[in-house]
Amino acid sequence: MDIRHVQRTGNMYYVYMPTSWCKRYGITEESTVSVIVNDDSSLTISPGMQERKKKEIKLTLNEDNQDIIIKLIIACYINPVTSFNIKFENKVDFGKLLSQKKVISALEFVELDGTTLTYESSISVNDPTSLLRTMAKKLYNLINVMTSNYNSELIEKYEEEIDRSKLLIDKAVTEALTFHELVKQKTIDLHYTALISHEIERLADSVILLEKEDAAFLKQTLESMDMIKSALEDPKLLNYKQVIEITRKVLQVKKTPIQDIKSYLKRRIRVHLENICDILLDWSILNEVKDEGK
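Here the sequence shown stands for residues 0 to 293, where the numbers follow numbering that gives the first Met the number 0.
The set of hints was computed from the structure by calculation and includes no laboratory data. Some hints here could point you the wrong way.
[To be verified] Below, simulated DSS-like cross-link-like pairs (lysine-lysine); rule was C-alpha separation at most 30 Å, straight line:
| id | residue 1 | residue 2 |
| --- | --- | --- |
| 1 | K70 | K95 |
| 2 | K70 | K261 |
| 3 | K86 | K70 |
| 4 | K70 | K57 |
| 5 | K240 | K156 |
| 6 | K185 | K95 |
| 7 | K240 | K289 |
| 8 | K254 | K136 |
| 9 | K95 | K156 |
| 10 | K218 | K248 |
| 11 | K254 | K228 |
| 12 | K289 | K211 |
| 13 | K136 | K156 |
| 14 | K57 | K136 |
| 15 | K253 | K136 |
| 16 | K86 | K136 |
| 17 | K156 | K218 |
| 18 | K240 | K254 |
| 19 | K240 | K228 |
| 20 | K261 | K235 |
| 21 | K211 | K248 |
| 22 | K218 | K136 |
| 23 | K228 | K185 |
| 24 | K136 | K289 |
| 25 | K70 | K54 |
| 26 | K156 | K211 |
| 27 | K228 | K218 |
| 28 | K254 | K218 |
| 29 | K22 | K57 |
| 30 | K156 | K253 |
| 31 | K253 | K211 |
| 32 | K54 | K95 |
| 33 | K54 | K136 |
| 34 | K253 | K218 |
| 35 | K156 | K254 |
| 36 | K211 | K228 |
| 37 | K156 | K70 |
| 38 | K289 | K228 |
| 39 | K54 | K90 |
| 40 | K86 | K54 |
Model the full assembly from the supplied sequences, consistent with the hints where possible.
This is the structure:
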């Protein structure tokens, strides 16, 4: 075993590679090497560009329940695979399957052939936080359309884009945690990103069920989302005082007594806003811890 001291210049840490190894593999100052973080936290450095072995899965399914099939497709989609193939033993109504909005994003590049569903992935996301910002902006725009110039087609489009972004975040986070891929965020930041994306998706699912006459409540929700959207522009700059102000705004959203479906939806919307504030507060305190550690 060769023991080497870690050196530092500014924010960059480095070690010198063995001269004999560099000579053996023709490594020069113009060369490129591959660095892989292994599951045991060790690093593997390989000469040249090393591609990971592509992951493919093949499944056989004896099931005709649409909800179960969709759940399986989503699970396959968000995991780090380049392709998946599902062979159905029973006849499946693919037309009905494709009509499900929650699965449209996952089926974007799908091929249907008789009793077989095949998916080839060409999507790679290395900045999930940018997608989170997109989700927040899309939800803000969705609520704004509902309160100003109601357009059902535009609202539906925003909802689909929110669902798609959330799926891509799940996929990116799962891949990063599985293979330790080099993404811009640290693991804990990915954790908070995923939590907030789930809350935004659920919030959107409740908001779209409200109607024009709920404009006053939606206006309060819009004001809260405006502050949340701004906070997510750069989560690294989040501070607890800023989040406390957002929380104050959210707590001003009317807490409607649950009497029917609509009042239940309004209560759920407030709960999701509060949950987002809780996560943002946790994230902001983490930033304080990071600052103290400098």
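Status of each hint after checking the structure:
{"no.": "1", "hint": "K70 to K95", "verdict": "holds, 15 Å"}
{"no.": "2", "hint": "K70 to K261", "verdict": "holds, 27 Å"}
{"no.": "3", "hint": "K86 to K70", "verdict": "holds, 15 Å"}
{"no.": "4", "hint": "K70 to K57", "verdict": "holds, 16 Å"}
{"no.": "5", "hint": "K240 to K156", "verdict": "violated, 35 Å"}
{"no.": "6", "hint": "K185 to K95", "verdict": "violated, 40 Å"}
{"no.": "7", "hint": "K240 to K289", "verdict": "holds, 16 Å"}
{"no.": "8", "hint": "K254 to K136", "verdict": "holds, 24 Å"}
{"no.": "9", "hint": "K95 to K156", "verdict": "holds, 20 Å"}
{"no.": "10", "hint": "K218 to K248", "verdict": "holds, 12 Å"}
{"no.": "11", "hint": "K254 to K228", "verdict": "holds, 22 Å"}
{"no.": "12", "hint": "K289 to K211", "verdict": "violated, 45 Å"}
{"no.": "13", "hint": "K136 to K156", "verdict": "holds, 13 Å"}
{"no.": "14", "hint": "K57 to K136", "verdict": "violated, 37 Å"}
{"no.": "15", "hint": "K253 to K136", "verdict": "holds, 23 Å"}
{"no.": "16", "hint": "K86 to K136", "verdict": "violated, 38 Å"}
{"no.": "17", "hint": "K156 to K218", "verdict": "holds, 20 Å"}
{"no.": "18", "hint": "K240 to K254", "verdict": "holds, 24 Å"}
{"no.": "19", "hint": "K240 to K228", "verdict": "holds, 16 Å"}
{"no.": "20", "hint": "K261 to K235", "verdict": "violated, 37 Å"}
{"no.": "21", "hint": "K211 to K248", "verdict": "holds, 22 Å"}
{"no.": "22", "hint": "K218 to K136", "verdict": "holds, 15 Å"}
{"no.": "23", "hint": "K228 to K185", "verdict": "holds, 21 Å"}
{"no.": "24", "hint": "K136 to K289", "verdict": "holds, 27 Å"}
{"no.": "25", "hint": "K70 to K54", "verdict": "holds, 20 Å"}
{"no.": "26", "hint": "K156 to K211", "verdict": "holds, 18 Å"}
{"no.": "27", "hint": "K228 to K218", "verdict": "holds, 15 Å"}
{"no.": "28", "hint": "K254 to K218", "verdict": "holds, 14 Å"}
{"no.": "29", "hint": "K22 to K57", "verdict": "violated, 43 Å"}
{"no.": "30", "hint": "K156 to K253", "verdict": "holds, 28 Å"}
{"no.": "31", "hint": "K253 to K211", "verdict": "holds, 17 Å"}
{"no.": "32", "hint": "K54 to K95", "verdict": "holds, 29 Å"}
{"no.": "33", "hint": "K54 to K136", "verdict": "violated, 33 Å"}
{"no.": "34", "hint": "K253 to K218", "verdict": "holds, 11 Å"}
{"no.": "35", "hint": "K156 to K254", "verdict": "holds, 29 Å"}
{"no.": "36", "hint": "K211 to K228", "verdict": "holds, 23 Å"}
{"no.": "37", "hint": "K156 to K70", "verdict": "holds, 22 Å"}
{"no.": "38", "hint": "K289 to K228", "verdict": "holds, 23 Å"}
{"no.": "39", "hint": "K54 to K90", "verdict": "holds, 27 Å"}
{"no.": "40", "hint": "K86 to K54", "verdict": "holds, 18 Å"}
Hint compliance for this structure: hints 5, 6, 12, 14, 16, 20, 29, 33 are broken, all remaining hints hold.
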